[in-house]
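K.L.:
As a plain string of letters, each chain reads:
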Amino acid sequence: MTKKRQLIFSLVRGALAILIALLVAMLLIFISADGNSFGQRLSATAEAMKQLLVGPLFRINAQGIKFEGKRLADIFAAMIPTIFTGLSVCVMFAANQFNLGAEGGIMLGAFSSALVAIYVPLPKGLHALACILVGGAVTGVVMLIPALLKVKLNVSEMVCSLMLNYIIMYIIKYLMNTAYADKSKGQIQTYPFLNSSKIPALTQASIFTSSKLSWGIVIAALTVAAMGFFMYRSRWGYQIRMIGINQDFAKYSGMKVGFVIVLSQVLGGFLAGAGGGIEMLGRYPTFGWSALPGYGWTGITIAILAGNNPCFVPLAAFFLAYLGKGCDMMATYANVPTQLIAIVQGVIFLFFAAERFLSKYRQSLVVKTANEEIAAKMALAGGGGSLPQAGASGSQDSVKEGGKKDE
Amino acid sequence: MSNLLSNMLSPGFFFSIFRISAPILYATLAAIVVEKAGFANIGLEGLMMFSALFGSLASYYSQSWLVGFLVALLVGVGMSLLMGFFAFQLETDIILVGIAVNLMGSGGTLFLCKIITDITEGKAMASTTGLITSKLCIPNINIPVIRSIPFIGRVLSGHSLLTYTAFLMCILTSIMLYRTSLGLNIRAVGENANAAASVGVSVLKIKYIAIAFSGLMSGFGGAFMSMSYAQGWSQDMVAGRGFIALAAQAMGGGECLGGMFSSLLFGFAQALGIKFSSVGLDSNLASPIPYAITIISLAIFGFVRISRAKKPKVAA
Amino acid sequence: MGDEANREEYIVQMKKIDKVYSNGVAANQGVDFNLKKGEIHALMGENGAGKSTLMKMLFGMEQPTSGEIVINGESTVLSSPSVAIAKGIGMVHQHFMLVPSLSVAENVVLGMVPKKGLFIDKEKAVEITRQNAEKYNLHVEPEMRVADIPVGMKQKVEILKALVRGARILILDEPTAVLTAQETEELFRELTALKKEGYTVVFISHKLNEIKEITDRITIMRNGRSMGVYETKDVSKEDISRLMVGRDVILNVQKDAAKPTDVVLKVRNLEYVNEWNKKMLDKVSFDVRKGEILGIAGVEGNGQKELIDMLFNLNVPDAGEATVNGKSVIGKPQAKIREMGVSLVPEDRMLYGIAAQASIEENVISDRCAKKELNKGPLFHMGAIHKLSEQLVKDYTVLCKSPAQQVGMLSGGNIQKVVVAREFSNDPSLILADQPTRGIDVGATEFIRKKLVELSRSGIAVLLVSADLAEVMELSDSLIVMHNGRIVAYFQDTGTLSDEEMGEYMLGLKEQTPEEIRRVCHD
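Protein chains in written order, with the numbering used here: chain A, 525 to 931; chain B, 485 to 800; chain C, 44 to 566.
Treat each hint with caution, since some may be false.
Claimed, not checked - Derived DEER-like restraints, expressed as beta-carbon distance ranges:
no.: 1; chain 1: B; residue 1: I790; chain 2: C; residue 2: E382; range: 26 to 34 Å
no.: 2; chain 1: A; residue 1: N620; chain 2: C; residue 2: A362; range: 29 to 37 Å
no.: 3; chain 1: B; residue 1: V788; chain 2: A; residue 2: K884; range: 16 to 24 Å
Since the hints were made in silico from the structure, they are not lab data.
We treat Cβ as the ideally placed atom computed from N, Cα and C, and that holds for glycine.
Isolated chain A, as found in the complex (with noise of 0.2 Å):
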């Protein structure tokens, strides 16, 4: 197929599953919206629609719709963690790890650097890359469990790292109530952050005035083009990514398979633990998470939506973000509950993942593509080189059954 039709075959198969997702939030919304009539029924889900899909950026009313820059910055504000876990899992699961630690993972991370930023004053500006780098590197090291186990003793990276999840969280929990405990305030929760720890707040652009908004997302949009050059331009990322497509090619071709499945992991937690840093230190005074926060399930949604890509998580971020600032806006303006975001993120996440969704239209793509080859090729007819052995129908087929042997 050509680079053209694939990714118009991309498109065409996310927008359709985007399509079906809100065709599914439609009709819950229809069952549940308020009013008697069919007619009242549909303009109350239309109004809830419009909320969803336009909500985000922009202020409706009768007057007509205004863009709001404070809800912008509340997306971009709301994809700095994803960004980070999102990343996380890319690494992770482009070598075919299904490692889910990401969830936990941040929740270390951001603990971590609560930590040290309590605990040990440093210059302003240092101290938040210390905290940072301490987050990221404490969830590095605790990665290296499910890595080891996996390449050394062949355990299931996806239930040891579920269970250090729920480990981290008690463990955290444990702590928060005993020996870095604020004993001083009603809730649980830490001692507040020094300032010389924190990561302002972008107020330098206008349009972000009165919002969440820090620096995190600068350091994430910085990490995202790292990640990208690290999985597409560097010899490791590239290890990574031969090792996910076949273990067996990479050992034949020597590389150290083992430390590459290690690396890909502890990075992925790196990144995770990085990413709770940021959060943390650019969005609260203190540390008071008291569960685990979700943001690893959603870097999950991103991984997947981007391919495994570094360069699309921002995109698949801020999909999700949007979706999820819609969901918000519903629930303020249209009475429709928020978590209306979970459903349709999980109907999305189905349908990209699933391998046959408009297999036959991308089959008919091949086919059309190769039988275009074929006339090509009658057209130079006895112009040297080797024709391929098999007409449109076995060009197809090598397409179709990929990794099977062509006897």
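For this one, chain A is given, so just place chains B and C on it according to the hints.
P.N.:
Showing chains B and C alone in chain A's frame:
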């Protein structure tokens, strides 16, 4: 400390171990059967959330715990079949299908709860705890003779009906796997699908049955959570039991009996956690123990497996 | 009248069978094959001759492209194995279709389980198994787990499975390949007994002694065509060998005489017993020198694969040593082996040779991604990588739009060109080429052969393993033949060799003296 010990030796403590283990056991049985059929269902957590919600709602609207219980089973089976459709027909990675169901299970259930009941307590909080009275819960059963035995009576009698069925199910599942042709087919499909297909066993059908069974067990577990363990559904009430079950399956060597002991171990650790807090210690210290045990035992299993494989072979 | 007689005589007739696979490979061309009731019929041929394809069609696993299958006088379409089973055909595959954790009895009754109420009637299952085992004189232990029984018994379970399902015609795909001598003998006794009961057996094998011992008639295949049907007693082993092994085309590869110099690869006394306790390598010793192509001929499954695996550390031998330029390769990581200048064109290119979903460019740099000239600090030097991949695509005439195209989208021949482009271009001192042209088009085949000759003449040592007789005889400067894990012959000069002679060595009819064989070690 002596306070804690005396607390632990009370019949109430042992009673609570069984009660806490029951939902984990259901999910573990679900995990065992799909694993035998050759795949993993990591969406048990989400399935239980949905079953718990709809079970409690149906119980409230019908004013009958039985209807609620049946609806919970139905929802579990229906959703698991849908998972099967995505996994087997649309060739979605079964792990990803599970993740999607868990995603929907945590936030989506809250959404559904809100739109169905119109209860919106604040931004996040909404539950059906206000709707379910003890009359709408699964009844508790007092076993005639046993109840009057000292100590043991207070441990074994008076449990919810679904606590007893959990252990009954454990036996039935074992019988199903090892004594019926369905079980034989499930094990054959899981181990060598080609062999099963070559003698006319429909692999697809068996896989659907296995995942539907996991849905059924999740239905039991979900109903237990919202109609017995707690009165009514609340957000994230399953609290990782679906994941713990995956570990219990692995730790129990993929067998029903082993799975039961692993579930009881998890139940013990959680009961211990509760006791910890009752004597002023922090339950958060006890709660992670079962998860840590899981990782350690998986590592030990892995080590044993590897060293067995490395044994030098004997030349002929 | 003649028709009438045929109907009596043949229970299976496959007429003018053609089979073209969707990737364009013609596996069977106009093959006629028939079976008489109550005979043991050998189906012989080298690997890739089309035997398995033919039998898969008889068992309903594949459909013929054209031709007719007549069973008991009726023209039949065998659309699936279940249809074939219903027609009384059973097949025992080379890789057993058994469920290891189930008992023998459970495996036998799987899919047709006897029940007592809701439950499996285990006694009945054991009973069925035991009765049939006695009836057919196939000794099995019904209550043991299949995982715990020896290979020979597993095979009997497979035969029993087919018989219990009413098979009157049994297809056995290389049944003796995994058996010890005693087990083979036992199997033959059992097959003979079945024959007396009126069962028909198709026996796929390349072992001449066995064929002579047990079969009534022989169909020989070569290159997808039938070479005729013979009464076993009328043909000598030498005749069979000549019909089976032979070149269909003379390649006429242009090459100068080799001028071999120093020894590069030195293999001494390699031994390996596989997990079924079968000796796959038995004191294998040879040398490959700079500037020569040493070929390894032999029917597949006689230790060639194991040998290559040992040389690239994809497996570890029980004993013996292999060195490249004096340094051992046994147990070394692949990165180290590659550093020593060893390249491997793997037999299974989809498994080891490529990452199908990655681009051509990503596939050609897999062995050298850490090299200085392809990196600039922490990042790849993309300019150098593009230049390299474009050069390789051009040099190796890989037919593609650009090096950014996915490898999996290419045809088999072009995929193999990508593999050899990588393996030949990394300045190797030794190339291991394992079935380098299998299943690829003529153009690519010719190109790869020319490259191999060219590289060897430039002073590289080449070890060529090929099941294609023409290839291995005409490309190699000298040749060893492997049979049963041993080197049975060494020919210093391949020019004077005849196909007949080769066949006799390959099929184990002849063997050189140890002194003659030892000449391949240039100490």
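K.L.:
Is 16 to 24 Å respected by the C-beta to C-beta distance linking V788 of chain B and K884 of chain A?
P.N.:
About 47 Å separates the Cβ atoms of V788 of chain B and K884 of chain A, which means 16 to 24 Å is violated.
K.L.:
Regarding N620 of chain A and A362 of chain C, is the given constraint of 29 to 37 Å on their beta-carbon distance met?
P.N.:
Since the Cβ atoms of N620 of chain A and A362 of chain C sit about 36 Å apart, the hinted range of 29 to 37 Å holds.
K.L.:
Given a hinted range of 26 to 34 Å, is it respected by the beta-carbon distance of I790 of chain B and E382 of chain C?
P.N.:
About 28 Å separates the Cβ atoms of I790 of chain B and E382 of chain C, which means 26 to 34 Å holds.
Of the numbered hints listed earlier, the single one contradicted by the structure is hint 3.
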